[in-house]
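Take these sequences, add in the hints, and give me the full structure.
What the sequence shown shows, in my numbering, is residues 26 to 455, in sequence order.
It is worth saying that the hints were derived from the structure and are not from the lab. From the three backbone atoms N, C-alpha and C, an ideal C-beta is built for every residue, glycine too. Check before you lean on any hint, since a few could be wrong.
Stated by the list, open to error - Label pairs and their computed distance ranges (CB to CB):
1. ARG55 with TRP202: 55 to 65 Å
2. ARG93 with HIS325: 48 to 58 Å
3. PRO410 with GLN104: 20 to 30 Å
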Amino acid sequence: MSDSTATTEAPAEPPAPDTEGSEPKPNFMRLFGGYLTEANSVMVTIYSLLLAFLIGAILLIVSDEFTRSTFSYFFSRPQDAWYASRDLVVESYTSLFEGAILNFNTLEAYRAGDAEFGNLLRPLSETLTYATPLIFTGLAVGLAFRAGLFNIGAQGQLIFGMMGALIVGFSLDLPIWLHLPLAIIAGAVAGGALGAVPGVLKATTGAHEVISSIMLNNIAALFLVWALGTAFLHSETKSDLVSKPVDDSATLPTLLSSLNPSLRVNLALIIGFAVAALVWWLLSKSTFGFRIRAVGFNEHAAATAGMRIGSTYTTTMTAAGALAGLGGAALALGVSSGGITTNTALDYGFSGITVALLGRANPGGIVASALLFGALKAGALSAQPDVPVDISTLLQATIVLFIAAPALVKAILHLRTPRGGLVTLEAKGW
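Right, here's the structure in full:
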């Protein structure tokens, strides 16, 4: 009997997973937390807004006599100071919100049937009305920023645009389909003509655009005072320093007057959105926009590549002036169509600098920041006397401080430096 050897094979092991080239899945919360603690442009903007409102709250507390008095016995009854401060800040910022977006008392009245729907839209209409010129002046400053230029002359360009649109608006007798576009174009041409001056001076003589454009602001303001006193522009029915009204055929139609005649927002808002989209296309998709960005990034490299630096400066400042001039046309043909005064322009041109800084010279960001500052303006005016009207200017100034100095925000909040470094808007040539 022969012995047979039985061989048994061990079961094959399962193949090892192929880990070559695989990476561990990123932790979303870790990435999000890292983004929040990084001094990138988005978070610096958000933190600048929060810090500005925090400083505004502190100054509201310090400036209120009753709230300040509760701190005289803080160590015996600290809750009094806390409740007084909390109530003051909440009531003040609520008043700003109600004056800019939605009034809760009006909402309750509307629900009870005691108010019309148009009354609900009044705060929002005022916000959009104040924001409209800021869109144009913000774009005027932002476009120049992209070329490395600081267009501080948007105020004078707006004034010239206002006068150009006004003259065409009352001096011509044309149908509305022709009269209104011509008046708007006249505002853009007048603003562009003034904007071209610092561009030409910089291209030909090297004169810095900040110096020349800020001087032109004074010239434009004084020229308006003189022009309003002439028989050509002065009102025929009023003794005050006010201009003639524009014809109905050159007046921008309101958008919500069918709901309530007091709602002032008009067609200029839609034009502003369209112009912002056009500027975005110009900067992102066109050859001219590429030249603007190339010169703004490095003018010496752009010159080496064959780009004409001087002509880019001139055309950019002309285009920027035309944008500010459109803001002046929006005023002369819209809310001030009954006649402009020396106070019609307010500080829209200078506020455009703030808008452009907060919007990072990006057309979409400029529109958003214009809406924010329009809300601050409308809210502060509506909330008087409960909230000091200067709170709007204070918040804007504080926002500019933090936006212009991202290193300050980084130091206060101990943020990490992003890979590409801190992003700031700079104008070349200082």
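Consistency of the hints with the structure:
| no. | hint | verdict |
| --- | --- | --- |
| 1 | ARG55 with TRP202: 55 to 65 Å | holds, 59 Å |
| 2 | ARG93 with HIS325: 48 to 58 Å | holds, 56 Å |
| 3 | PRO410 with GLN104: 20 to 30 Å | holds, 28 Å |
Checked against the numbered hints given earlier, this structure breaks none of them.
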